[in-house]
Each structure stands twice: as structure tokens, then as C-alpha cells.
Amino acid sequence: MSEQNNKSEYLVEVNDLKMYFPVKTGFMKTIPLKAVDGVSFTIKPGETLGLVGESGCGKTTVGRTLLRLYKPTGGEFRFNGELVTDKNITPLRKQMQMVFQDPYSSLNPRMTVEDIIGEPLDVHKLYSNRAERREKILHLMELVGLNAEHATRYAHEFSGGQRQRIGIARALAVDPKFIVCDEPVSALDVSIQAQVINMFEELQEKLGVAYLFIAHDLLVVHHISNRIAVMYLGRIVEIADADELNDHPIHPYTLSLLSAVPVPDPRTARKSQRIILEGDVPSPLRMPSGCPFRTRCRYATEQCANECPSLTDRGGGHMVACWNK
Amino acid sequence: MAQNFDIPAPTKNPMSLQLDPKKFEKATDEEKRQQDVMAESTTFFKDGMRRLMRNPLAIISIVLLLLVVATMVIAPAVVPYSYEQIITVNGKRDKRAANLKPFEYSQLEQQYMEETGEKLFPHIMGTDELCRDYFIRVVYGTRVSFIVGIFAALMVMIIGIIYGSISGYLGGKVDLIMMRIVDIIYSLPDLLIVILLAVVLKETLSQAKLGIFSKLGTNMMAMFIVFGVLYWVGMARLVRGQILTIKENEYVLAAKSIGAKNGRIIRRHILPNCISVIIISTAQQIPSAIFTESYLSFIGLGVQLPMPSLGSLANAARSGMQSYPWKLVFPAVMIVLIVLAMNLLGDAMRDAFDPKLKK
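Taken in sequence, the protein lines are chains D and U.
Under the numbering used here, the first residue of the first sequence is numbered 1, with each subsequent residue one higher.
Under the numbering used here, the first residue of the second sequence is numbered 1, with each subsequent residue one higher.
Excised from the complex, chain D in its bound form (with noise of 0.2 Å):
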């Protein structure tokens, strides 16, 4: 690690991230699926990005190659200004962790509340004594909203509010800086969705950590982002401030996004226009030539076809990958 990296303003950088899955096709053939294709972004200490995109879009495997459950194909990703390789990943998974998108299965069925919390402390050796690691999983419980008294449960006996409280608390185990929240929400009741986005909002408070908050629902992701990023196969089209992309949206993509959300009044809904894109996500075994969008954007133009056009800064760190907009 040379000097200048060690002092980065920045707690994420992530360059030109590329994952590609090996498919077969057919007898000894295999093509890459380009499930995450030259991504970059960046999240600074105790900020949220919010990441959000259609089913498909690589928004997931974005999460996971950061934590190296699977090996990136290309490109570098910094932790704290250090790039992380699967050498030193084992020290560097105290820092980073991850709440996974479904509460039921992420939890093993055999295991105490107790023994889930705790597991992250076992690995990592973060307790001299039973009593220290159990102290410790009870102070977890208590940050998490779960009574002492459900230690010695299992996680069938929860609800799934309560279960994702369980799966917060083990990645809160190890105090660490950053946190991939992969669809932490969507599997939960809407009323229960805010409980836990309150208590993510109250932790990022309280504990000071990053979030990279991956989502489909953009008004959750508006709620609790700093910056919203937005995924289109496997390619970051459009990031900004989270209030900036909700009003002055830019790449079409965002555009016709933005007006599929849902508008609780009627009044100011029937006003809205709906673009309805044409066609289907292209399947990223076969992806479009040039900009991965322009099989279905309205403003597409032969240069388009020719060339992929990358991040551009429209002012304010309002980034875009358009050639006509």
C-alpha cells in the first residue's frame, strides 16, 4: 500500500468492479454473463448509498463482490485506502459486513438467537470469557430493539421484522465501518419496511457507519440515501445527491424509473405521466452493442449503437452515462 492511499477522504472506492459468471452454452462452450460490468463509486464514512435498478441488474452481486463472496473478474475496490485482495480480506471482514435480503433463510433454523449474534465474535475471537461474549450479545440484542429473553430462541420463533433485527445485529457483531444492506427491506410488511429503515437511519447515527443500501423501491432508498447510484445491466447510469436525482433526473432510464413510483395522491398522480419503456431487459448473456439502454431509450441515435458512453459530471457530482441527454 503506498503512503498516498492510506489517506483517503473516502471509506469506499470502487473502480471499474467487473463480474462476469462463466455460463455454458453447450458442449465445452461458455460464455461470461456480465453480471456487474465497470462499476465505480465511491462512499465516504457514515454515508448511504442508495443502489438501486431493476431485478437482473447486477445490484446484488455488486454487494457480494465487495465482500468477496465471489472473486471479481476485474477492477479494484479500496477499503479505508486499501486494496482489498483475498489475502488480507479475513481481517478486513470485521469492517465490513453484510444484512442479507431474505430474513427466513439468511438465519440457520438451528441455531439460538444467541448463537447467530454471537458467531461473528467466535470467529473473530472478539471475547476472553463466556460472560464477556454473552454481555456482548446482549448489548446487540438491546441496539437491535430484541429482549434479553430471546437469547436462547430460535429464528423460526420470530416474526420477520424480528428476524432481520437478528440478521442486523450479527452484522453490527463486529463494529463495523460499512454495511451492505442487500434488499434489507423488501421482504418485510410495509409497516414493519419502516420500523427497520428507522432503526438502520438510528444505528448510522449512533455507530457512525456507511451504508451501501441496496434496494428496488426508490422512495425507500430516497428515505435513507445520501447519494442514490442507479444500476442498469450491470452498469451504473446515473448517480447523484439523493434529492437531486429525484428532482432533476437525467438518463432516461432514471426517468421512466422515477415516474413507475407510486404517488399517494391521487390528485397529483392522475397529473403524472407514466413512460412506459418498450421491450425487455436485453439478456445480459447477450448484451447491446455500445449503451446497454438503447434497445429500449426513445433517444437513441446511431452513436449510441457504436459506443458506450461513460459517467460524465453534469454539475454537483450530478453524474450521468448518456450521450443525448
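None of these hints come from the bench; they were simulated from the model.
Fair warning: there could be bad hints in the mix.
Unchecked claim - Straight-line distance between alpha carbons at most 27 Å, and here's what the computed BS3-like set of lysine-lysine pairs gives:
1) D:Lys136 <-> U:Lys261
2) D:Lys94 <-> U:Lys247
3) U:Lys261 <-> D:Lys18
4) U:Lys256 <-> D:Lys34
5) U:Lys247 <-> D:Lys34
6) D:Lys125 <-> U:Lys256
7) U:Lys256 <-> D:Lys177
8) U:Lys247 <-> D:Lys125
9) U:Lys247 <-> D:Lys24
10) U:Lys247 <-> D:Lys71
11) U:Lys247 <-> D:Lys18
12) D:Lys125 <-> D:Lys71
13) D:Lys136 <-> U:Lys256
14) U:Lys173 <-> D:Lys29
15) U:Lys173 <-> D:Lys87
16) U:Lys261 <-> D:Lys177
17) U:Lys261 <-> D:Lys87
18) U:Lys256 <-> D:Lys24
19) U:Lys256 <-> D:Lys71
20) U:Lys256 <-> D:Lys87
21) D:Lys71 <-> U:Lys261
22) D:Lys94 <-> U:Lys256
23) D:Lys125 <-> U:Lys261
24) D:Lys44 <-> U:Lys256
25) D:Lys24 <-> U:Lys173
26) U:Lys261 <-> D:Lys94
27) D:Lys71 <-> U:Lys173
28) U:Lys173 <-> U:Lys261
29) U:Lys173 <-> U:Lys256
30) U:Lys173 <-> D:Lys34
31) U:Lys256 <-> D:Lys18
32) D:Lys18 <-> U:Lys173
33) D:Lys87 <-> U:Lys247
Stated by the list, open to error - Label pairs and their in silico Cβ distance ranges:
34) U:Gly171 <-> D:Asn88: 24 to 32 Å
35) D:Arg134 <-> U:Leu57: 38 to 46 Å
36) U:Gly263 <-> D:Asn88: 15 to 23 Å
37) D:Glu278 <-> U:Lys173: 41 to 49 Å
38) U:Gly171 <-> D:Gly26: 15 to 23 Å
39) U:Val69 <-> D:Asp175: 52 to 60 Å
40) U:Val63 <-> D:Tyr70: 53 to 61 Å
From the three backbone atoms N, C-alpha and C, an ideal C-beta is built for every residue, glycine too.
Fit chain U to the known structure of chain D by using the hints.
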């Protein structure tokens, strides 16, 4: 709701909209706690045992097996004869006595009892052709069968778990090669290999120094090795299949993201979630091992004489089947009882513990 007694009976018109403000008071902490109805926390094991105990067939099997085990443990201490001892009276052997019927005494024994007035221990199942007490021989045969069955099943379980979990967890090329080896072993004709191995190992083991194991006899050792070499493949396949499905669960991914090592993930997350299938399969392996031991002994490849086994007893009884049918009936009934009870218990355990069959 003790507080309710303090509220005076309503004196006003029941239709009045005036409400009793006392009913809208905030609940005290104590009252709130009464609302937290906490169900008894049941573990997976308790839940399964409860369901097992509801199955009458399982209860009958358990009682039967307990009776057999109790007989195995108690009988050698109670019955004054040993399995290799030819019955004598005052050191004298009655040469004419052989193949006594159940509860029959030899002439010498009858004489002795008349002279002294003392009652000798009856031969519950008669004697064999050398006038050895048949009951104690059947008990010892059952012991051998039980030991072989349980050890063979345990060995199959251990080898199968280790092999299957490595293959299933690592996946890819490792899995491919390991499973082809299993396929090869699986395609070998079982009985032929068992006989070949038993013959070859008998020779090799009789020359090797085995220390404490020598007590078991070379035949028994050979039998364990045969089971260990041949019958683990089914278990390995089963475990691999289970692990392939379980490792896709998000909690395994969560453990990886925490930084848990592969060994820990297998031990703490994967195996506990397929342990029910493993235990059930092991329980079903025991009767099949007992059965294999019996037929190996029957064809003369089992335990060494004079140690009896249910199979070799049945084989010895074959020659006098018409004259002394009880000699064949007792060991045969014993095999049937044990195998049937174990099979029924195994099935009941599968019904009780397999989460897929849960209603």
C-alpha cells in the same frame, strides 16, 4: 385483572355515550407483561421425540429392542452356563445327551437333581448337538449381531459424512472425481466382493498383530472392514445431496461473509441441518448390516467358532431341521425380531424427524 373489581358497577344508562375514563388508563408494566404470551421454546430434537412417542409402532419397536438388549446384558450373568461350555454334572459329561428339547434335562442331570433335591437351571431353549446350552448361545449370537450392526452403521456413517461433505461442499472437479469413485464402488457386485474380501482379509489379519482388537477375532475384523469399504457409498451420496441443497442457503453465505472457515461452515451450519437425514439413514443401516452379518455367518464367513452368531446357529441347525426344528426357529425368530423392530423404528424416526414430511 384484579383491578377490575375496584371499578363500581355502572349506575347510568348503559346506552349513554359517557365512558368510564378508568377503562382508558394506561396499562401498568405488570399488565403489559401479562400480554407477552411466550410459547415454550421447542428444539428440533424435542419436537421430533414428541412425534416419535406418539407412534405406537415406534413404541413397540423400542420396547422390543430394549427387551432384547436387556436380555443380552442380563442373561450371561444369570444363566450359569457359558456359550462354549458343554454341560457337565460334577465334572462328568453325559455322552448320550444331545439336542435336548427346551426345558428338558439330560438323564445325568435328572439323576443329580433327584439325589440332591437341588434344582438346576433349565435349558430354556434346549441344547445343541454338543449339549451346550442353546439359550446362552442365542443370546451371544444376538450380541454379536448387535455389535456388528451398530459398529458397521457407525463406520458407514462416519466415512459417508466425511466423504460426502467434502465432495458436496467443494463441488466442481473435486466433486466430479469423488463421485465417480463412488459410482465405481457402487457398481461392484456386493456379495461377491464381500465374500472375496472376507476370505482374503481372514488370511491377512490372522498374521497381523492386532493388539486389543485380536479379541474380536479376525473374522469380525474382516467383516467391519468389508462394511467400511463397501457400504459407505450410499451414505456418501445421501450426505452430498443434502449438502448441495443446504449450501445454497443464505445463512451459509452469511457465515462466509462473517469470515468463517470452510470447516466451521460445514460443522456449524451444514451438518446440523442434514443430521436428521443422516441419523435416520444410519438407523436403517443397522438392520441391513445385521442381515449381512447373518448371511455371511450362514455361508461360513462370519464370526469364528466357538463364538456363535445368529447366522451360524441357523446354519448349524439346518442339518437337523426335521428332527430338531426349534434349533432353527430360535435364531431365525431372533433375526426377524431385531431386523423388523429396527426397520420399523427407522421408519418411525424418518416420519418424526424428516422436516419434509412435516404437515
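Okay, the hints, checked on the actual structure:
1. D:Lys136 <-> U:Lys261: holds (22 Å)
2. D:Lys94 <-> U:Lys247: Holds. Lys94 (chain D) to Lys247 (chain U) sits at ~23 Å (cutoff 27 Å).
3. U:Lys261 <-> D:Lys18: Roughly 25 Å separates the two Cα atoms, so the pair holds.
4. U:Lys256 <-> D:Lys34: holds (23 Å)
5. U:Lys247 <-> D:Lys34: Holds, at roughly 24 Å.
6. D:Lys125 <-> U:Lys256: Judged against 27 Å, a Cα distance of about 16 Å means the pair holds.
7. U:Lys256 <-> D:Lys177: Holds, at about 18 Å.
8. U:Lys247 <-> D:Lys125: holds (24 Å)
9. U:Lys247 <-> D:Lys24: The hint holds at about 21 Å.
10. U:Lys247 <-> D:Lys71: Distance of about 18 Å is within 27 Å: holds.
11. U:Lys247 <-> D:Lys18: holds (25 Å)
12. D:Lys125 <-> D:Lys71: holds (26 Å)
13. D:Lys136 <-> U:Lys256: holds (21 Å)
14. U:Lys173 <-> D:Lys29: Roughly 17 Å between the alpha carbons, so the hint for Lys173 (chain U) and Lys29 (chain D) holds.
15. U:Lys173 <-> D:Lys87: At roughly 24 Å apart (the allowed maximum being 27 Å), Lys87 (chain D) and Lys173 (chain U) satisfy the hint.
16. U:Lys261 <-> D:Lys177: holds (22 Å)
17. U:Lys261 <-> D:Lys87: Within the cut-off at roughly 14 Å; holds.
18. U:Lys256 <-> D:Lys24: holds (26 Å)
19. U:Lys256 <-> D:Lys71: Between Lys256 (chain U) and Lys71 (chain D) the Cα gap is close to 13 Å, so the pair holds against 27 Å.
20. U:Lys256 <-> D:Lys87: holds (15 Å)
21. D:Lys71 <-> U:Lys261: It holds: about 16 Å lies between the C-alpha atoms, which stays within 27 Å.
22. D:Lys94 <-> U:Lys256: holds (12 Å)
23. D:Lys125 <-> U:Lys261: holds (13 Å)
24. D:Lys44 <-> U:Lys256: holds (25 Å)
25. D:Lys24 <-> U:Lys173: The given pair, whose Cα atoms are some 15 Å apart, holds under the 27 Å limit.
26. U:Lys261 <-> D:Lys94: Since the Cα atoms of Lys261 (chain U) and Lys94 (chain D) sit roughly 14 Å apart, the hinted pair holds (cutoff 27 Å).
27. D:Lys71 <-> U:Lys173: Given pair Lys71 (chain D), Lys173 (chain U) holds - Cα atoms ~18 Å apart, limit 27 Å.
28. U:Lys173 <-> U:Lys261: holds (20 Å)
29. U:Lys173 <-> U:Lys256: holds (21 Å)
30. U:Lys173 <-> D:Lys34: holds (24 Å)
31. U:Lys256 <-> D:Lys18: holds (21 Å)
32. D:Lys18 <-> U:Lys173: holds (25 Å)
33. D:Lys87 <-> U:Lys247: holds (24 Å)
34. U:Gly171 <-> D:Asn88: 24 to 32 Å: Between Gly171 (chain U) and Asn88 (chain D), where Cβ atoms are some 26 Å apart, the hint holds.
35. D:Arg134 <-> U:Leu57: 38 to 46 Å: holds (43 Å)
36. U:Gly263 <-> D:Asn88: 15 to 23 Å: holds (21 Å)
37. D:Glu278 <-> U:Lys173: 41 to 49 Å: Since the Cβ atoms of Glu278 (chain D) and Lys173 (chain U) sit about 44 Å apart, the hinted range of 41 to 49 Å holds.
38. U:Gly171 <-> D:Gly26: 15 to 23 Å: 21 Å Cβ-Cβ, so the 15 to 23 Å window holds.
39. U:Val69 <-> D:Asp175: 52 to 60 Å: holds (54 Å)
40. U:Val63 <-> D:Tyr70: 53 to 61 Å: holds (54 Å)
Hint violations for this structure: none, all hints satisfied.
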